[in-house]
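Q: In order, the protein sequence lines correspond to chains A and B.
Quick note: the first sequence uses this note's numbering, first residue 0, plus one each step.
Quick note: the second sequence uses this note's numbering, first residue 7, plus one each step.
Quick caveat, the hints were computed from the structure, so don't treat them as lab data.
No false leads were mixed into what you were given.
Keeping only pairs whose Cα atoms sit at most 20 Å apart, straight-line, the calculated EDC-like set for lysine to aspartate or glutamate is: (1) B:LYS289 to A:GLU17; (2) A:LYS144 to B:ASP112; (3) B:LYS50 to A:ASP90; (4) B:LYS194 to A:ASP92; (5) B:LYS194 to A:ASP90; (6) B:LYS289 to A:GLU61; (7) A:LYS86 to B:GLU111.
Spelled out from the first residue to the last, the chains are:
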Amino acid sequence: MNKMIRVENLTKQYKKSEKPAVDDISFTVNEGEFFAFLGPNGAGKTTTISILTTTLSKTGGEVKIAGFDVEKQAKEVRKNVGIIFQKPSLDLDLSAEENIRFHACLYGVYGYRPTFKMMPKAYRERVMELAEIVGIADAMFKPIKKLSGGMQRKLEIIRSLIHTPKILFLDEPTQGLDAVSRRSLWEYLNGVRRENGTTVFLTTHYIDEAENVDKVCIINHGKIAACCSPEDLKRTLEFDPTPRVCLPTLEDAYIEYLNKTKQNNEQTYNRPGNSRA
Amino acid sequence: MNKLITDREIVERKTVTAYRKSGFVRELNATLTILSRRVLLTLKSPATLIMSLAMPIIMMGMIGGNLSQNMADGLGFDFGKFMLIGMMVNMLFMMTSQGLASLVEDRHTNFTQEMMIAPISRYSIVIGTILGSAFMAIVSMFGTIVVGLFMGIHLGAGQLLAILALSPLMCLAAGAFAMLLIGCIKSKTAANMAVMFITMPQMFLSGAIIPIGNSSGILLVLNRLMPMTYCLDLTRAVVYAGTPEYSRVVLFNPVVTLAAIITFTIAFLAIGTFMFARSETHK
Numbered sequence: 000m001n002k003m004i005r006v007e008n009l010t011k012q013y014k015k016s017e018k019p020a021v022d023d024i025s026f027t028v029n030e031g032e033f034f035a036f037l038g039p040n041g042a043g044k045t046t047t048i049s050i051l052t053t054t055l056s057k058t059g060g061e062v063k064i065a066g067f068d069v070e071k072q073a074k075e076v077r078k079n080v081g082i083i084f085q086k087p088s089l090d091l092d093l094s095a096e097e098n099i100r101f102h103a104c105l106y107g108v109y110g111y112r113p114t115f116k117m118m119p120k121a122y123r124e125r126v127m128e129l130a131e132i133v134g135i136a137d138a139m140f141k142p143i144k145k146l147s148g149g150m151q152r153k154l155e156i157i158r159s160l161i162h163t164p165k166i167l168f169l170d171e172p173t174q175g176l177d178a179v180s181r182r183s184l185w186e187y188l189n190g191v192r193r194e195n196g197t198t199v200f201l202t203t204h205y206i207d208e209a210e211n212v213d214k215v216c217i218i219n220h221g222k223i224a225a226c227c228s229p230e231d232l233k234r235t236l237e238f239d240p241t242p243r244v245c246l247p248t249l250e251d252a253y254i255e256y257l258n259k260t261k262q263n264n265e266q267t268y269n270r271p272g273n274s275r276a
Numbered sequence: 007m008n009k010l011i012t013d014r015e016i017v018e019r020k021t022v023t024a025y026r027k028s029g030f031v032r033e034l035n036a037t038l039t040i041l042s043r044r045v046l047l048t049l050k051s052p053a054t055l056i057m058s059l060a061m062p063i064i065m066m067g068m069i070g071g072n073l074s075q076n077m078a079d080g081l082g083f084d085f086g087k088f089m090l091i092g093m094m095v096n097m098l099f100m101m102t103s104q105g106l107a108s109l110v111e112d113r114h115t116n117f118t119q120e121m122m123i124a125p126i127s128r129y130s131i132v133i134g135t136i137l138g139s140a141f142m143a144i145v146s147m148f149g150t151i152v153v154g155l156f157m158g159i160h161l162g163a164g165q166l167l168a169i170l171a172l173s174p175l176m177c178l179a180a181g182a183f184a185m186l187l188i189g190c191i192k193s194k195t196a197a198n199m200a201v202m203f204i205t206m207p208q209m210f211l212s213g214a215i216i217p218i219g220n221s222s223g224i225l226l227v228l229n230r231l232m233p234m235t236y237c238l239d240l241t242r243a244v245v246y247a248g249t250p251e252y253s254r255v256v257l258f259n260p261v262v263t264l265a266a267i268i269t270f271t272i273a274f275l276a277i278g279t280f281m282f283a284r285s286e287t288h289k
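Chain B on its own, in the form it takes in the complex (with noise of 0.2 Å):
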């Protein structure tokens, strides 16, 4: 029987063809899926969702309140700014390396097989895992907003903006040093106390909540090992472009920052992506 074909089918198979035959679009495509896997996930779960928007209240309306209200006299910028900037950046840290313990799940549930046995490159379940890791870590962050506007803490649409276009490469920035750690690690309990490893000394260190220009010695050479710390003074340096407090509270060159974060995000990607692939298969 002849089968009537739509142009519609006609389209469809040509796109099935193009994804079968190009290499790059197979991976895009597998990307795509695996953050979407992500998503889905997460907004299949209700208490995940409740708890990315409940740990702005407990960072920035506590901690951040606390800190706001008793410590921010005579620094000669606008702390609250400063502190929502941190905030907003340390939550895009936090909840992606958060979602990044997914990893150990899905050895757990024996899904990581399904994913590893898939003829796709092992780049593309990770940048995946952590894109997808990042929708969670995005909606903390416009919590970390809400809570700052009842704190009386704004930024402009147009930095919130600037905010938001940089916050893929802070995502990709914590978690492929996230993946440093939690890439060889097989026990679910080692990976959340990996993410807690990986996400406090950062918060304390970096200059999210507590300004860093004035260390010294020990915690100096701290500060500048923490990732953290150059994207935040990334975003800090856009924000603050042409404003008097520019020089007080932007750190390095915006230009040597952007570079310095995507050379280390290539290698800690680089090293976590081998790191995860053998241990997955070198047993």
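This is chain A alone, in the form it adopts within the complex (with noise of 0.2 Å):
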């Protein structure tokens, strides 16, 4: 199988920091995988996937996408990606449509019309299919300011695939939603990754969100601690909590790598000797 993302050693260490904030990390996503990296805060999630879609350079190690390396060959690798950043990235002063073509005409998807009805008539089906089914049609031609922030998060998730591509990135996508919404944006998110075979890389603290992926890779103090299948992670707990209730989750599993890592972590800075300590 097609490895779609295969990263190898790679390693960032900020400028003026001390340690890195990710530290030779490994691991592949094969195509069509739906790929969970999971962490706490400041583990290195959001800046792994940054250096995988180009936005940060890294220190050290190889990244490839798609077959193509994130630094000499940044436009292909572009060209294959979708991403919903952790942080909004809408222009607030334009509406959700102007957002979308502007986002498509960037992507050369279709040429540039000053306005809506000018679009190709492709484009105007398009979006206006993508808007009925996350629920937001009646909001596309109203300004960004104006729309929840649920609404804001459908409308980055439509701009990310309206250029269909191979790979999307979802970096913390349901910070902020609401159940519904949050279940209505997954079930739009399976139906695409069906459909398309589009290849998902997921961030997220909400691990139920990651019970049904392919592959989870937890990440902690920018090291890899664990990455498997989530049945196989589980099958590793040592202390299962809710024994007698019901079978674990990968939350609680999740858990457990963390509380180990930190373990092992405090272990090596505490060793006598250790500079660092």
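Hints in hand, dock the two standalone chains.
A: Below you can see the structure in the form of structure tokens.
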């Protein structure tokens, strides 16, 4: 199976920082795979996503996206990826449709026209179809400022899919969304995966969202703590917090792995003769 | 179900394919898209439009008017006309530089990420932003012409058209120069200060309102270092061509001036764009 994402010994150390934010990590994601990259705040998830999507330079290692090197073939990488950033990146002074039109034209999907009506029929149909699916059709021509946080997030999802990317990076996509919006969003994203075979790279703090992924990687303190299927991860649980009620969840396994790496780190730092201690 | 495909749809599909395939058309389309966004944002902001029309009243009406009434005697040429051209080019420089500060604002709203992740050249981002800012600059330039008319200063239609034809090059030169400083700035306050730092010395040192034909010493060096000096001189060379005042007003050979403008614009654009892209990715 084709490797859509190949990360080898990736390291990133920010300027003026004493420790690397991402420390010699390696993993792969296959074509069409649903991949979850989990970790606590400050673990290095967003740094990794930024490097993988060419918006941040790396300090060391090799990263290939859809077969292209992120530094030497950045433009080719960008053609193949879509991203929903952790922080919204919409132009609040434009309307919802204008934001999408701007994105579609930047990606060269359509030639720029000054109004929605002047855009090609294929664009108009696709935008309205996507807006109907995620339930923001009525708000398409309203200024973004007037849309709720949930609607803005849905708009970002439409925008990231308008150029039909091979790989979709979702950096905490449901942050701030209510339960109904979260569910409808995941139904839509799962549909996109099924229909287009899109590879999805997800980071989230809602561990239940990663229950059905194909592979999960846990990153902590910039290092990979575990990388396998959710089932394998759950099988390695030493302590089952809910043995009599239900089966262990991915969240249980996730927390145990974080605790383990925390203990390991503390042991490393406290070891006699360790200069970092 | 068979779907009827109209001729228009066939043309649209061919156009879409062309945009996807051709690198040059894609970059041109991206530049036009970024340019159009800036124009749209200007049109959606009445305060910005009012400001771009009010600036000529301050610059041309107040500063220029005072100089014209008190210091214009004995120059050997019509100071009003000299100053009007100077103020028009100054407006192009000032408003384009101010418009470029929007790149810093985009960083704050994270919109820069949206542009940086697109599969387009960083030059398309910068040139699109400069040309989009030129829209506001040209509105201000027309405001200057109107204020000039109220002051009894006017240019011929041919001269105005010549200045209009040169204005995209002037804006590009102004934007490229501004990119040198703004390209690596991340704070909005610092960006606004940088705009003042770029525009104010140029207004006084490049001959926009004060003739610099007799400058010497350090002021002569500074005059020659200001990019706007060359843009002004080329504009005046075009407007004064064939008139008796030409030799008193124009400093350099217009062909050499044009070559100098093109050279420094390309150099500043390359350095500024490199610094802008680097400041985004190298953290």
